[in-house]
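Colleague: Sequence:
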Amino acid sequence: MKLARIYAENGDLSEEQGEVYDVLAELAESDVLDDEVQARLAALQSILDGSFTDEQKAHAGVLIYVDSRGEVQCETGLIRGTDKKAAIEAGILAKSNHTGSAGTKSPISNKLRIDLDRITTGARQDASLRDPEMLLALFAFQLSGKSGYTSVFGLRKDEVANVPTTEMAGYTLDERLTKPTPSAKFGSDMGRVFRAYKAKGPEFIMEEVTRHLASRLMVDEDLGEMIDKAVNTDIRENFTPTATNFFGRVSGPYLVNLWRELLDLSEDHPTATTFAKLKKSEKADKMEALFGDPEMRKAHNITENQAKRIDTWLPEGMV
Numbered sequence: 002m003k004l005a006r007i008y009a010e011n012g013d014l015s016e017e018q019g020e021v022y023d024v025l026a027e028l029a030e031s032d033v034l035d036d037e038v039q040a041r042l043a044a045l046q047s048i049l050d051g052s053f054t055d056e057q058k059a060h061a062g063v064l065i066y067v068d069s070r071g072e073v074q075c076e077t078g079l080i081r082g083t084d085k086k087a088a089i090e091a092g093i094l095a096k097s098n099h100t101g102s103a104g105t106k107s108p109i110s111n112k113l114r115i116d117l118d119r120i121t122t123g124a125r126q127d128a129s130l131r132d133p134e135m136l137l138a139l140f141a142f143q144l145s146g147k148s149g150y151t152s153v154f155g156l157r158k159d160e161v162a163n164v165p166t167t168e169m170a171g172y173t174l175d176e177r178l179t180k181p182t183p184s185a186k187f188g189s190d191m192g193r194v195f196r197a198y199k200a201k202g203p204e205f206i207m208e209e210v211t212r213h214l215a216s217r218l219m220v221d222e223d224l225g226e227m228i229d230k231a232v233n234t235d236i237r238e239n240f241t242p243t244a245t246n247f248f249g250r251v252s253g254p255y256l257v258n259l260w261r262e263l264l265d266l267s268e269d270h271p272t273a274t275t276f277a278k279l280k281k282s283e284k285a286d287k288m289e290a291l292f293g294d295p296e297m298r299k300a301h302n303i304t305e306n307q308a309k310r311i312d313t314w315l316p317e318g319m320v
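Position 257 of the sequence shown, counting from 1, maps to 258 under the working numbering, and the rest follow consecutively.
Quick caveat, the hints were computed from the structure, so don't treat them as lab data.
All values derive from a computational prediction rather than experimental measurement.
Even glycine gets a Cβ: it sits at the ideal position worked out from N, Cα and C.
Keep in mind that the hints are not guaranteed to be accurate.
Claimed, not checked - Straight-line Cα separation of at most 30 Å, DSSO-like style, residue types lysine-lysine; simulated pairs:
#1 Lys199 x Lys186
#2 Lys299 x Lys112
#3 Lys3 x Lys85
#4 Lys230 x Lys199
#5 Lys299 x Lys287
#6 Lys230 x Lys287
#7 Lys281 x Lys309
#8 Lys86 x Lys3
#9 Lys230 x Lys299
As the list claims (entries may be wrong) - Beta-carbon label-pair distances, calculated as ranges:
#10 Pro108 x Asp312: 18 to 24 Å
#11 Ser107 x Gly188: 49 to 55 Å
#12 Gly62 x Lys186: 46 to 52 Å
#13 Ala40 x Gly62: 23 to 29 Å
#14 Pro181 x Leu315: 39 to 45 Å
Take these sequences, add in the hints, and give me the full structure.
Modeller: What follows is the structure, given as structure tokens:
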């Protein structure tokens, strides 16, 4: 469950209250306050700490839990994912910049966004195979509880999805991420199975740990950015936009604008107007050719800068 967080609005003390607070706080350090004076200090401290407004309370809640030491903890100002939209509209939660521009509807459909997120996950997993030691460190990071409520690996019965609904069209992954480990036959002696497995040696075990940890890598945006820098994740190494996996799934006007952007064309340029007149499927096919066919690039006299732009372009919202 992904939660957003807001904070209470800090309060201000009057000049007189501030003077009283300073005196009481100094006395508190000497443990010379009686219950009545301690209550007064607590009341002043409560003002400084601030409180949630009625509007904040209408959209946010609390999470009460027992920590690893058996102590009851309480986190306040939490907004559920299903309530984020209403909180943003109410002005109590800032809108994320992760997706499209503010005030405009994203051209990326929700189903396409899920597929693009899966591709991003797969590319990060693919790149993480380069650094087994980092994967093991991340594994320990989660197992030790040091990561708190942040999940690093999809260590559940369900797998971490890294293949879009369009499957491997324009998309590749290291086979270590897709090759399953055969399971033992039902009723097998697990002790004997494990001994045979372990007897394959440390190198085999490390390879198995590495590829299975990589295939379950699933992190939030901040940790993902750190990992991407460490292993040089490049989504375009794994993903090439095609008519099947992307261009055929966005609108015609989106493709027209992208065509002009990639080729540095004005709105009335003949190459732009000719493209705009094509059927949606023809536009998608032509965009696919621009990304993958050297002859198409040659026909349009693609410059070095334009080629670099095409070869590094990614849909909005991808890492």
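Colleague: If a hint holds in the structure, say so; if it doesn't, say that too.
Modeller: Okay, the hints, checked on the actual structure:
1. Restraint check for lysine 199 and lysine 186: the C-alpha separation of about 17 Å stays at or below 30 Å, so the hint holds.
2. Restraint check for lysine 299 and lysine 112: the C-alpha separation of about 34 Å exceeds 30 Å, so the hint is violated.
3. Pair hint lysine 3 plus lysine 85 holds up; C-alpha atoms about 10 Å apart against a cutoff of 30 Å.
4. At roughly 34 Å between alpha-carbon atoms, lysine 230 and lysine 199 are farther apart than 30 Å, so this suggested pair is violated.
5. Proposed proximity of lysine 299 and lysine 287 is supported: the alpha carbons are some 14 Å apart, at most 30 Å.
6. For the suggested pair lysine 230 and lysine 287, the alpha carbons sit about 33 Å apart, so the restraint of at most 30 Å is broken.
7. Straight-line distance between C-alpha atoms of lysine 281 and lysine 309 comes to about 25 Å, which keeps the hinted pair within the 30 Å bound.
8. With a CA separation close to 13 Å, the supplied pair lysine 86 and lysine 3 stays within the 30 Å bound.
9. With a C-alpha separation of about 34 Å, the suggested pair lysine 230 and lysine 299 falls outside the 30 Å cut-off, and the hint is violated.
10. The given range of 18 to 24 Å is respected by proline 108 and aspartate 312, whose C-beta atoms sit roughly 21 Å from each other.
11. For the hinted restraint 49 to 55 Å between serine 107 and glycine 188, the CB-CB distance of approximately 52 Å keeps it satisfied.
12. Between glycine 62 and lysine 186, the C-beta spacing of about 49 Å keeps the proposed range 46 to 52 Å intact.
13. Restraint check, alanine 40 to glycine 62: a C-beta distance of roughly 28 Å satisfies the suggested window 23 to 29 Å.
14. Checked against the hint of 39 to 45 Å, the pair proline 181 and leucine 315 fails, with Cβ atoms roughly 29 Å apart.
The structure is inconsistent with the numbered hints 2, 4, 6, 9 and 14, although it conforms to all the rest.
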